[in-house]
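J.: We have chain F already, so just place chain U on it with the hints.
2 protein chains.
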Amino acid sequence: MTLHEITSPANPLIKRLKSLSDKRARREEGLFLGEGLRVCTEALAAGYVPAMLAITPEAEAHPLGQQLVHATRAGGGQAMRVPRDLVSRITGKDNAQGVVAAYPIPDTSLARLERDSAPLWLVADNLRDPGNLGTMLRSCDATGAGGLILLDDCADPFSLEAVRASMGAVFSRQIARAGADAFFAWVRQGAGQVVGAALEGRTVDYRAHRFVAPVFLLMGNEQAGLPEAHVARCDALVRLPMKGTADSLNVAVAAAVLLYAALDQLEPLANGGVSDSLA
Amino acid sequence: MTLHEITSPANPLIKRLKSLSDKRARREEGLFLGEGLRVCTEALAAGYVPAMLAITPEAEAHPLGQQLVHATRAGGGQAMRVPRDLVSRITGKDNAQGVVAAYPIPDTSLARLERDSAPLWLVADNLRDPGNLGTMLRSCDATGAGGLILLDDCADPFSLEAVRASMGAVFSRQIARAGADAFFAWVRQGAGQVVGAALEGRTVDYRAHRFVAPVFLLMGNEQAGLPEAHVARCDALVRLPMKGTADSLNVAVAAAVLLYAALDQLEPLANGGVSDSLA
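Protein sequence lines, in the order shown, are assigned to chains F and U. Counting from 704, one number per residue, gives the positions in the first sequence under the numbering used here. Counting from 704, one number per residue, gives the positions in the second sequence under the numbering used here.
The following block holds chain F by itself, in its conformation from the complex:
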């Protein structure tokens, strides 16, 4: 069975896909965009089946492209063949991928989070940069952290920019959204160490802190950091040494340094200490 072929940017399906770069359309449709053969294949492996799939003839010729087309149809979604410039038009990216797909936005309620499924979690308060959210999801994937809990008024983790920065981790990680009060009530219902990243106050050097799983690592807003009300509810506050003039790090960078520090304590190297790798 051949694919429905679309070449006009005025086609309603193309317009509908393109609309998903807008936050309001994502909310109304309950869909978000992923792009690229590798990422969409990883999404499929994680259980995400496209509701809509636009694929170039080149990508369609690839076995993974075929797999995506079949999965989309089997799941009742719409698959269409498009020229590459239409993918560019949908994603707003000059150097477009061969595939763009729309996926159902998952349930992001806290109650759905499987907190026992991972020893590490990131929690972000009022983060404004979608690129930072995506980068943090990517770091969660790398360190085996379960995912990202977004408090209060964060950027949208399902925006194209966040999905892009996550390099597929938006599909492999769990994502929840909650008010801060709801989060603290939920986290105290079970075991869990809430560790805030802070520059000042009763902080300890992150290397002196003993991480106890499950760790919920709480990162503050890019400009303001953590509000006092959150600080007071953390089990511990950790700081990174700051040797420079600016006294700051990118929040996604700070989160990753802390995730790797926690991972090092939870899963230390087998041989223990430092050896010489120059031999």
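Just so you know, these hints were derived from the structure itself, not from any lab. Hints are not guaranteed to be accurate.
Since the list gives no way to pick one copy over another, a pair counts as held whenever it fits inside one copy or between any two copies.
Said to hold, decoys possible - Each computed DSBU-like pair below joins lysine-lysine, with the alpha-carbon atoms no more than 30 Å apart:
#, residue 1, residue 2
1, Lys796, Lys726
2, Lys721, Lys796
3, Lys718, Lys796
4, Lys946, Lys721
5, Lys946, Lys718
As the structure is a computational prediction, the values presented were derived from the model and not from experiment.
T.: Just chain U now, with coordinates in the frame of chain F:
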């Protein structure tokens, strides 16, 4: 003496400032843009005097704004008062700062680098994302690394996006650009451990590597990683544990994790090990 006041976007000085968001204009003029009262004040402290300064009346009323105006004039530069929407027009940012300034691009030859001035250096090969360069400079500042050496065809560290992501670190850190061969010839003229970040090959877990200052931490391109020719010239290759599906980290994130790991070895915590900060 009152400031020259400009309100028209068609004014040649405004057009000249705005042109500096373009790479070719930066190269021709030898100037780059910095923005924000805090960042421009830090730049001044680091010895960067504006060749041109556009400042809003509100920022001009601030003592730090006054200081910038005086320094600009004392250095023979042009200071002008502008409405905020002209700053937006220059920087292309809706939510504009009160100050934007043009600075002379510093000499980025390797020979100018003071390699003994810091125990850590970042080296980036063919990095394409200016935001990553800026974030890496910011992490250099935080960890006391001397700065960033850019090999071959990297993005421009003096682009507005890079400067913005650096949060002022572009002014406090040293930046050099060189071909890879020139870099390796230069680095072997003195003491220095070249440590490449890699996913495969004869790598060791980064925690098992003994960092010896001065460390030159070599990071590869966002997609391709380090080329084989560079890998062969490293003293050691380190990898970060990858527990996820995607087997990758953002390059600026990976650089920061390694910088902090190196810093921890070069300047360990006074009390040594891990203590309980929950008490």
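J.: Taking the hints in turn, state whether each one holds.
T.: Outcome of the hint check:
no.	hint	in the structure
1	Lys796 to Lys726	both (17 Å within a copy, 20 Å between copies)
2	Lys721 to Lys796	both (12 Å within a copy, 24 Å between copies)
3	Lys718 to Lys796	both (16 Å within a copy, 28 Å between copies)
4	Lys946 to Lys721	neither (45 Å within a copy, 34 Å between copies)
5	Lys946 to Lys718	neither (50 Å within a copy, 38 Å between copies)
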